[in-house]
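Trainee: Residues per chain, in single letters:
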Amino acid sequence: MSQPSLFTPAALAAKTAGRLDGLCPVETITGAASLADAGPTDVTFLANEKYGHLLSATQAPLVLVPVDYPEPPPQGKAWVRCQNPSKAFTALVMLFAPPPPARPAGIHLAAVVDATARIAASAHIGACAVIAANAVIGERTIVMPGTFIGENAVIGDDCLIYPNVTIRERCIIGQRVILHPGVVIGADGFGYDSDATGHSKIPQLGIVEIGDDVEIGANSCVDRARFGVTRIGDGTKIDNLVQIGHNVVTGKACMIVAQVGIAGSTTIGNGVVLAGQAGVVGHLKVGDGAIVMAKAGVTKDLPPKAVVFGMPAADRREFARDAMFIRKLPEICATLKKLQSELDALKKQ
Amino acid sequence: MSQPSLFTPAALAAKTAGRLDGLCPVETITGAASLADAGPTDVTFLANEKYGHLLSATQAPLVLVPVDYPEPPPQGKAWVRCQNPSKAFTALVMLFAPPPPARPAGIHLAAVVDATARIAASAHIGACAVIAANAVIGERTIVMPGTFIGENAVIGDDCLIYPNVTIRERCIIGQRVILHPGVVIGADGFGYDSDATGHSKIPQLGIVEIGDDVEIGANSCVDRARFGVTRIGDGTKIDNLVQIGHNVVTGKACMIVAQVGIAGSTTIGNGVVLAGQAGVVGHLKVGDGAIVMAKAGVTKDLPPKAVVFGMPAADRREFARDAMFIRKLPEICATLKKLQSELDALKKQ
Amino acid sequence: MSQPSLFTPAALAAKTAGRLDGLCPVETITGAASLADAGPTDVTFLANEKYGHLLSATQAPLVLVPVDYPEPPPQGKAWVRCQNPSKAFTALVMLFAPPPPARPAGIHLAAVVDATARIAASAHIGACAVIAANAVIGERTIVMPGTFIGENAVIGDDCLIYPNVTIRERCIIGQRVILHPGVVIGADGFGYDSDATGHSKIPQLGIVEIGDDVEIGANSCVDRARFGVTRIGDGTKIDNLVQIGHNVVTGKACMIVAQVGIAGSTTIGNGVVLAGQAGVVGHLKVGDGAIVMAKAGVTKDLPPKAVVFGMPAADRREFARDAMFIRKLPEICATLKKLQSELDALKKQ
Numbered sequence: 173m174s175q176p177s178l179f180t181p182a183a184l185a186a187k188t189a190g191r192l193d194g195l196c197p198v199e200t201i202t203g204a205a206s207l208a209d210a211g212p213t214d215v216t217f218l219a220n221e222k223y224g225h226l227l228s229a230t231q232a233p234l235v236l237v238p239v240d241y242p243e244p245p246p247q248g249k250a251w252v253r254c255q256n257p258s259k260a261f262t263a264l265v266m267l268f269a270p271p272p273p274a275r276p277a278g279i280h281l282a283a284v285v286d287a288t289a290r291i292a293a294s295a296h297i298g299a300c301a302v303i304a305a306n307a308v309i310g311e312r313t314i315v316m317p318g319t320f321i322g323e324n325a326v327i328g329d330d331c332l333i334y335p336n337v338t339i340r341e342r343c344i345i346g347q348r349v350i351l352h353p354g355v356v357i358g359a360d361g362f363g364y365d366s367d368a369t370g371h372s373k374i375p376q377l378g379i380v381e382i383g384d385d386v387e388i389g390a391n392s393c394v395d396r397a398r399f400g401v402t403r404i405g406d407g408t409k410i411d412n413l414v415q416i417g418h419n420v421v422t423g424k425a426c427m428i429v430a431q432v433g434i435a436g437s438t439t440i441g442n443g444v445v446l447a448g449q450a451g452v453v454g455h456l457k458v459g460d461g462a463i464v465m466a467k468a469g470v471t472k473d474l475p476p477k478a479v480v481f482g483m484p485a486a487d488r489r490e491f492a493r494d495a496m497f498i499r500k501l502p503e504i505c506a507t508l509k510k511l512q513s514e515l516d517a518l519k520k521q
Numbered sequence: 173m174s175q176p177s178l179f180t181p182a183a184l185a186a187k188t189a190g191r192l193d194g195l196c197p198v199e200t201i202t203g204a205a206s207l208a209d210a211g212p213t214d215v216t217f218l219a220n221e222k223y224g225h226l227l228s229a230t231q232a233p234l235v236l237v238p239v240d241y242p243e244p245p246p247q248g249k250a251w252v253r254c255q256n257p258s259k260a261f262t263a264l265v266m267l268f269a270p271p272p273p274a275r276p277a278g279i280h281l282a283a284v285v286d287a288t289a290r291i292a293a294s295a296h297i298g299a300c301a302v303i304a305a306n307a308v309i310g311e312r313t314i315v316m317p318g319t320f321i322g323e324n325a326v327i328g329d330d331c332l333i334y335p336n337v338t339i340r341e342r343c344i345i346g347q348r349v350i351l352h353p354g355v356v357i358g359a360d361g362f363g364y365d366s367d368a369t370g371h372s373k374i375p376q377l378g379i380v381e382i383g384d385d386v387e388i389g390a391n392s393c394v395d396r397a398r399f400g401v402t403r404i405g406d407g408t409k410i411d412n413l414v415q416i417g418h419n420v421v422t423g424k425a426c427m428i429v430a431q432v433g434i435a436g437s438t439t440i441g442n443g444v445v446l447a448g449q450a451g452v453v454g455h456l457k458v459g460d461g462a463i464v465m466a467k468a469g470v471t472k473d474l475p476p477k478a479v480v481f482g483m484p485a486a487d488r489r490e491f492a493r494d495a496m497f498i499r500k501l502p503e504i505c506a507t508l509k510k511l512q513s514e515l516d517a518l519k520k521q
Numbered sequence: 173m174s175q176p177s178l179f180t181p182a183a184l185a186a187k188t189a190g191r192l193d194g195l196c197p198v199e200t201i202t203g204a205a206s207l208a209d210a211g212p213t214d215v216t217f218l219a220n221e222k223y224g225h226l227l228s229a230t231q232a233p234l235v236l237v238p239v240d241y242p243e244p245p246p247q248g249k250a251w252v253r254c255q256n257p258s259k260a261f262t263a264l265v266m267l268f269a270p271p272p273p274a275r276p277a278g279i280h281l282a283a284v285v286d287a288t289a290r291i292a293a294s295a296h297i298g299a300c301a302v303i304a305a306n307a308v309i310g311e312r313t314i315v316m317p318g319t320f321i322g323e324n325a326v327i328g329d330d331c332l333i334y335p336n337v338t339i340r341e342r343c344i345i346g347q348r349v350i351l352h353p354g355v356v357i358g359a360d361g362f363g364y365d366s367d368a369t370g371h372s373k374i375p376q377l378g379i380v381e382i383g384d385d386v387e388i389g390a391n392s393c394v395d396r397a398r399f400g401v402t403r404i405g406d407g408t409k410i411d412n413l414v415q416i417g418h419n420v421v422t423g424k425a426c427m428i429v430a431q432v433g434i435a436g437s438t439t440i441g442n443g444v445v446l447a448g449q450a451g452v453v454g455h456l457k458v459g460d461g462a463i464v465m466a467k468a469g470v471t472k473d474l475p476p477k478a479v480v481f482g483m484p485a486a487d488r489r490e491f492a493r494d495a496m497f498i499r500k501l502p503e504i505c506a507t508l509k510k511l512q513s514e515l516d517a518l519k520k521q
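Going line by line, the protein sequences match chains A, B and C.
Following the numbering used here, the numbering of the first sequence begins with 173 at its first residue and continues without gaps.
Following the numbering used here, the numbering of the second sequence begins with 173 at its first residue and continues without gaps.
Following the numbering used here, the numbering of the third sequence begins with 173 at its first residue and continues without gaps.
FYI, nobody ran anything at the bench for these hints, they're computed from the structure.
Every residue, glycine too, gets a C-beta built ideally from N, C-alpha and C.
Cross-link-like lysine-lysine pairs, in silico, BS3-like; alpha carbons within 27 Å at most:
| no. | chain 1 | residue 1 | chain 2 | residue 2 |
| --- | --- | --- | --- | --- |
| 1 | B | Lys-424 | C | Lys-373 |
| 2 | C | Lys-509 | A | Lys-519 |
| 3 | C | Lys-187 | C | Lys-259 |
| 4 | A | Lys-187 | B | Lys-373 |
| 5 | C | Lys-187 | A | Lys-373 |
| 6 | B | Lys-477 | B | Lys-457 |
| 7 | A | Lys-477 | C | Lys-222 |
| 8 | C | Lys-520 | A | Lys-509 |
| 9 | A | Lys-424 | A | Lys-457 |
| 10 | A | Lys-509 | B | Lys-510 |
| 11 | A | Lys-477 | B | Lys-472 |
| 12 | A | Lys-510 | B | Lys-519 |
| 13 | C | Lys-520 | C | Lys-509 |
| 14 | A | Lys-424 | A | Lys-259 |
| 15 | C | Lys-509 | A | Lys-509 |
| 16 | B | Lys-510 | A | Lys-510 |
| 17 | B | Lys-520 | B | Lys-510 |
| 18 | C | Lys-500 | B | Lys-500 |
| 19 | C | Lys-424 | C | Lys-472 |
| 20 | C | Lys-509 | B | Lys-509 |
| 21 | A | Lys-222 | B | Lys-373 |
| 22 | C | Lys-222 | A | Lys-373 |
| 23 | C | Lys-222 | C | Lys-259 |
Selected chain C positions facing chain A (Cβ under 10 Å, derived; list incomplete):
| no. | residue |
| --- | --- |
| 24 | Gly-354 |
| 25 | Ala-466 |
| 26 | Cys-505 |
All chains, please: the whole structure from these sequences, using the hints.
Mentor: See the structure below:
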């Protein structure tokens, strides 16, 4: 905020490559906030028509709207008409946001790094992080406090490993990977030989390999393979509290939303979306571009671009048809009764 | 247990403000346990009629029962008739329970506290806790080992932050808040701009603000807002392994049971109950006092005091009606067959 | 790999107590991998008929198959016919696997151990582990970095406690127990006295007691009892992200798969299987050997050996019957329409 001229309505409109429409009643914008939270000197945005009703109530004098938004700005407000108001707004928010915390290169005095670990000179290792023997940490990678990196694990360049993460021995993390707090990479898969005397543990001797540009949410878990590799494909994004079983392979650019579970040895194609709290049983194949809707439970292979819902998961249209027919049941029963009485009347004749 | 006279049946009855009914065969009670676990010198309690059958089998000579419990005490047992046996029993259990571990004021030598952090003199900071620049810790607040408090985070007075918690930069925690082990406050929300080339991260620039008297269970996650605030209202209680998405706002005094997920930008009213493993999709409003039953999946706005079940969640009565009609389907098919044959017989005539 | 003669096909076959069938084209096997991943000098195995189609494509020259596998080995491959190919393969994999990381006896200089804790001489305590007053750690037990062991907690012999685990005060862990990273033992149960003014916390004064040979997966939680004990029976195996409520008692040798939740005071018999994402409400009894299928929600007591599915969970056959009838609904509606028109025609005559 050192250069207030950056924060005139015209300057902000230019920054979005948008067009200022109407007269903004303030000369300097001081912050950025949602329609509901914005104050009288904030910029805000409308991306989703769903929130159109908040426009009249917002205190913000300046609003990013889609280029072709049909309404003119009302008295006391100006629009910035721009291509992608949501994306443009993010750029403006970043002008006002405090800078992210500095994580300078170097190893904190209270970090515990084994003498055989290889830490890039530009990496940052936080206090109480523990790096075991022969681990490798790439350039500019940040390892935050309380995180454990196991023996022979390899972390690529430009990764951001938040506090209290555990990465077990020999696991491999790509470039530009973000692991949020509490993530566990490479815990043993859930495998036992069971008989009448109980369950004897099957050693879990493989590893986890995380591709480039992957992000994994807080307290999510990716189990190491029984042998071989549990693999998360490049560009796949995983939300919080997700469970990925041993020997699972996900494709590239999947979206795996919070609290999803994928059981062992299942293969997920490219660009698959698993919505919140969905589950997939083990040893299945889910085709490229499939969408598993929230809370659905997949119990058999899915073809590419399938869209499924329910438990057991079925084609979304099939599920909707079933639901529609179930809703008709009272009517069906009434019709049956009527037919019976008409028939009885006929028989009496 | 230094003053055994405190532990006579009469003294314990007085402590509950209850009335001793019957003759207790032991002079000193030495412990407190459930009906099933109690030994011959323990006090126990009956709060839930469901457990009435355990009364005859319990070894406890002294039982807290509701004031109007219809049965008299059998030979060899005494009742304490009291207003709220469950609450009264808790008070007695605390007489026998070991005191909680001492957490004296001060910063452990093995804690890592940035020179710019402001730690109240009465606060306790445990070993291997890491407190970053400009963080503020209130009076009598306890921060246990292995916990990370990020830059500029503000923790109020009388909070209890258990081990291995992560609170990221700028988040704000109220007074008397309890965060159980492994909780993650302020991880990035799950937000991307997606197109054919993949998913590009939307910066998550906001914070989390936790109200007063909130309790959050082990390994639960509350994501920071995209911009603005993810807010947990005063007095709301959250169980273990719960996921709260970015920009969610919960009201006051909600109960959010284990493994619930609330997707981004949803607003939850006051006094809402979300039972175990329930889910709510994003951008919804759940009205005050609504009850979402276990495993239900809410896919549209709920009015105040709604009670819903199933996925997609529907009014509990609607769900029950559907289930009842589904149970009638075999009968419907039989009736259809019978009608058909009656009709066929009629046609032949 | 120092003694290559150990790795001839014949030596490997002998190791499995199996019979070599066919001529293996390589003299020394250099690794072990799955059918799909194996290279031209690896051994692999076929345990599940489901993967038979991969046999023709695998590059592995040596395959463990069941004793009675009907096909002869094709040109360029040899079978090892053996009793349990999966188990036998694990033994071979261990020949090739890197040894597990060494965890020598002793307390790391950067561990923080209270002077009153009793640590067995053969135990390993990692860096930044914190052991509180009067805790007891058994012989050969490994406590990894960042783990917190609370006051008066007792850990048995030969346990493996991974990083960033939290075990709260007074909890008791048996022998040969494995706790994966992020596990939380003994957090407060979720209990409140609620009225119009809000929710007041019920103290959670009991403990958790974990039996022998129990394994608990990453980021799973077992809450301490309100009073008395939350108990996990000997030999029970728990996967990742599981929630066990206060005062739950599980029997011996149960299998509790990822993301299951068991609410407070429920009793689970011996040998029960709870499949992924299943839930059980509070205060129930689940009989010995019951199977709760994936995502099922148990809302009433289950008899021994029950097999249930759905929410609310019902006998698997009942659920299948309902589903079959629902699928018939379009046909039912069509029949109704036809009957109506036949009847109308008849009435006109």
